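In case you want the letters, here they are:
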Amino acid sequence: MAKKKEVVNLVRGRKQGIVSIKETKLERNEDFVGTLLWGSSHLNFSFKPSRGAAGGILTMWDSGTIEVDFSSSFENVIVFGGRLKKDDMLFSG
Amino acid sequence: MICFFLANVYAPCDVRGKRELWNQLGSFSRSRAKSNLCVCGDFNSVCLEEERRSRGMVVRGVDTDFFNSFIADSHLMDFSLGGRHFTWFSGDGLSMSPLDSFLLSEELSSRWYNCAQIALQRGLSDHCPHYSQFR
Numbered sequence: 001m002a003k004k005k006e007v008v009n010l011v012r013g014r015k016q017g018i019v020s021i022k023e024t025k026l027e028r029n030e031d032f033v034g035t036l037l038w039g040s041s042h043l044n045f046s047f048k049p050s051r052g053a054a055g056g057i058l059t060m061w062d063s064g065t066i067e068v069d070f071s072s073s074f075e076n077v078i079v080f081g082g083r084l085k086k087d088d089m090l091f092s093g
Numbered sequence: 001m002i003c004f005f006l007a008n009v010y011a012p013c014d015v016r017g018k019r020e021l022w023n024q025l026g027s028f029s030r031s032r033a034k035s036n037l038c039v040c041g042d043f044n045s046v047c048l049e050e051e052r053r054s055r056g057m058v059v060r061g062v063d064t065d066f067f068n069s070f071i072a073d074s075h076l077m078d079f080s081l082g083g084r085h086f087t088w089f090s091g092d093g094l095s096m097s098p099l100d101s102f103l104l105s106e107e108l109s110s111r112w113y114n115c116a117q118i119a120l121q122r123g124l125s126d127h128c129p130h131y132s133q134f135r
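Protein chains in written order, with my numbering: chain G, 1 to 93; chain C, 1 to 135.
There could be a bad hint or two in this list.
Sample of chain G residues at the chain C side, in silico, Cβ under 7 Å [as the list claims (entries may be wrong)]:
| id | residue |
| --- | --- |
| 1 | 6 |
| 2 | 64 |
| 3 | 78 |
| 4 | 88 |
Pulled from the structure, derived: some chain G residues nowhere near chain C, Cβ distances all over 10 Å [what the hints assert, rightly or not]:
| id | residue |
| --- | --- |
| 5 | 12 |
| 6 | 28 |
| 7 | 29 |
| 8 | 33 |
| 9 | 53 |
| 10 | 63 |
| 11 | 89 |
FYI, nobody ran anything at the bench for these hints, they're computed from the structure. Just so you know, these numbers come straight off a predicted model, no measurement behind them. Glycine residues also receive a C-beta, built at the ideal position from the N, C-alpha and C atoms.
Turn these sequences into a full structure, and let the hints guide you.
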């Protein structure tokens, strides 16, 4: 619980372009992902569930900064292709 | 607008799993070699054996070789980490490694040549959060 709070504070602490989180330990796309949507309707995400308590990847992006054309995944990886709408971007991991 | 590709990676700990990952990710990266590509992740690997601090004498030379081959064959570039040297610490604080980073394709690194990645102070996780400002 404390870890989740820490992640929320980190994500919300800056105006983010892309955030990538590893080892989420989340099997389902639960409410936590919603909580992370830094108070904006501009947020999109791509989610790869964990196997039990192991692994799990989450990529989130601000649709005001990035227009994503496709998103897919393979073992241990989430990929996407898109266009950057602004001149600069903050990318956190 | 700049077109770009992003891969978010969470590498397994075992050498065999990592080898499979480098193969798959290598093909993906090579197919986008002329594009703006950023591969970001917890690679569970380091480029130089000396970058690790470990309490035991563990020989991981093969692992490092595979990781370096993957970076070179994929035409990716690792750029320096600011703020702190290590991004991962074991629970007892005796082992530490720079396991997390952003790798950029040549195209992207020439566009964002003055970007730096900054690792922040570690909190409850065993990894430090890190970020990069691209401009």
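For each hint, the structure was consulted:
1. 6: holds (5 Å)
2. 64: Check failed: Cβ of residue 64/G comes no nearer than 13 Å to chain C, outside 7 Å.
3. 78: Status holds, d = 5 Å.
4. 88: holds (4 Å)
5. 12: Non-interface label on residue 12/G holds, nearest chain C Cβ at 13 Å vs cutoff 10 Å.
6. 28: holds (17 Å)
7. 29: At about 16 Å from chain C, residue 29/G clears the 10 Å cut-off, so the statement holds.
8. 33: Label holds. Min Cβ-Cβ 14 Å, cutoff 10 Å.
9. 53: Given a closest Cβ separation of 14 Å, the condition holds.
10. 63: holds (13 Å)
11. 89: violated (5 Å)
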